[in-house]
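Use the sequences and the hints to build the structure in full.
So the protein lines, in turn, are chains E and G.
Position 27, counted from 1, in the first sequence is what this note's numbering calls 27; the numbers after and before it change by one each time, with no gaps.
Position 8, counted from 1, in the second sequence is what this note's numbering calls 8; the numbers after and before it change by one each time, with no gaps.
Among the hints, erroneous ones may be present.
[Said to hold, decoys possible] Label pairs and their computed distance ranges (CB to CB): (1) Arg366/E x Ala37/G: 26 to 36 Å; (2) Pro46/G x Ala248/E: 39 to 49 Å; (3) Ala47/E x Gly35/G: 40 to 50 Å; (4) Phe59/G x Asp281/E: 44 to 54 Å; (5) Glu8/G x Gly331/E: 27 to 37 Å; (6) Arg44/G x Asp394/E: 52 to 62 Å; (7) Pro46/G x Pro271/E: 22 to 32 Å; (8) Pro46/G x Ala452/E: 41 to 51 Å; (9) Ala237/E x Ala41/G: 23 to 33 Å; (10) Asp281/E x Gln45/G: 27 to 37 Å; (11) Gly96/E x Ala41/G: 40 to 50 Å; (12) Phe59/G x Ala278/E: 42 to 52 Å; (13) Gln422/E x Gly35/G: 27 to 37 Å; (14) Gln45/G x Ala278/E: 27 to 37 Å.
[Stated by the list, open to error] One-sided excerpt, in silico: chain G residues whose CB lies under 7 Å from chain E: (15) Leu13; (16) Leu14; (17) Ala17; (18) Gly18; (19) Leu29; (20) Ile32; (21) Gly35; (22) Arg42; (23) Arg44; (24) Met50.
[Unchecked claim] Residues of chain G clear of chain E, computed beta-carbon distances all greater than 10 Å: (25) Thr6; (26) Asp7; (27) Glu8; (28) Asp28; (29) Phe59.
In short, the hints are calculated from the structure, not lab data.
Cβ atoms here follow ideal geometry from the backbone N, Cα and C, with glycine treated the same way.
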Amino acid sequence: MAIPTLAEAAALIAAKKLSPVELTQACLDRMHRMDGTLHAFIHPTEARALADARLAEAAIMKHGPIGPLHGIPMGLKDIVDTAGIPTTCQSRLLEGNIPTADATCATKLAAAGTVLMGKLTTHEFADGGPSFDVLAPPARNPWNPDHFTAGSSSGTGAAVASGMILCGIGTDTGGSIRGPAALCGIAGIKPTYGLVSRAGVAPAAFSLDTIGPMAWTAEDCALMLQVLAGYDPKDPAGADRPVPDYSALLGRSLRGMRIGLIRHFHETDAPVSAPELAAIDNAVAVYRDMGATISEVTLAPMQDWHACGSLISMVERATAYEEWARTRLDGFGERVQRRLMLGALVSGVDYVQAVRRRRELRDQLRDAMRGLDAVLTAAAPGEAPTMDAIPRWDVFDRPSFTIPFNVAGYPAMSICAGFGPQGLPLSLQIVGKPFQEATVFQIADAFEKATAFRGQRPAMV
Amino acid sequence: MPEPLTDEALHFLLDNAGLTLTEAQKTDLKTIQDGLAAMKARVRQPRGRMAEPAHCFGFTAEDL
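In structure tokens, the structure reads:
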């Protein structure tokens, strides 16, 4: 069976032309064939998947689907609590941990009739991979398993790209959805801070953490976000706002749309590879051809955003895991140990200065986006590096293209923007105004449908 | 460039944080001192004492 997008599968299921059981079995077959290499799943739930699929099929045959996610195989990052199913955050510290309740996002996806294929590999506690000294091996990139997936939603990126699932949950504190989406050649959106409940999901850095969809296309992400978005009193950062139709703008013309380009981020602050730059320039040309107006936007140097987000992250992470850091530091893998050690070197005053800088930077982005619908920049420096090329102290190696929008709390999406000379994906980041995810999807979807990049899957598939 | 972190200063900070590190970890941690100092410098802008952090909040209807 060819791998359908979520939207294609939903249409076929609704027309009773595709059986959820057969779709699930095809995903399981891919899992059996490829996951020994890719390590995208840490806790596969094959029996649960088949049971979910049979239930979905019976219900759909009787009453029709309850929504587009009914009968769709999906996975959850292993920092998302799942009742009765191990949730280990890929850490030896949580080996054998079986929650008694689902996270809110897991509950919502189950209520939408999805098929749970399993828990997906993550960097330990959503931080610091790839690590070979934690509970399970790191995920590998389906486009070339010698290469990195990025993280921390590494398993979700690998599983979606290889068609083992049609969509999955990622989390994003500094780029953990958009990084793997970029390097694995899929779509992933970090929603506006507070839009999707974090209840029942292990924290990384409280004021930066977001939960969001990862799938093959922007359209698929819109369908998934429709289920995930919405106020949850269990999340103290939850935004109590009405949920719009995230697919409403898909297919509408971009004529007259005003898009900014933060060129200095990817050309001078942290220059991307030549193929990545060409991919961004191509995307700009595609949008111009569609009738959008492109203008340049200047913000503070990306290093300022990176410093602000990183200092906040170091302290909030060290706070969340302080007890274990004090008593069981060697239970963490080396990379997370190093991150937690950093918390000791950042003072309370340093933290509050970072939070003051955060307000200034947010204000700057808000002002820059007045009169614009969205802004563009890189999501990653280029094609995926090899697994052994990730620096020990990667946070000091180069600034992140993704963390600025965690600092601001704005919605930001990575989509596939082409392929480089090594045959690995290139990417584009699209950033919208708060709660304007529908516009981000519109812009992303227009590019995907105007180009041929969604027609290409990894060779191993 | 900041003054190199002395063993005594590092010991104080780690003790304050309640962390027990190996000698190799302490040496490793010292290697990032310049990078961390550069980050700290970037969040310190010329700003008056009135500048508010991002997480200052207003009460909403739900609080009342």
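Violations among the numbered hints:
6, 24 and 28
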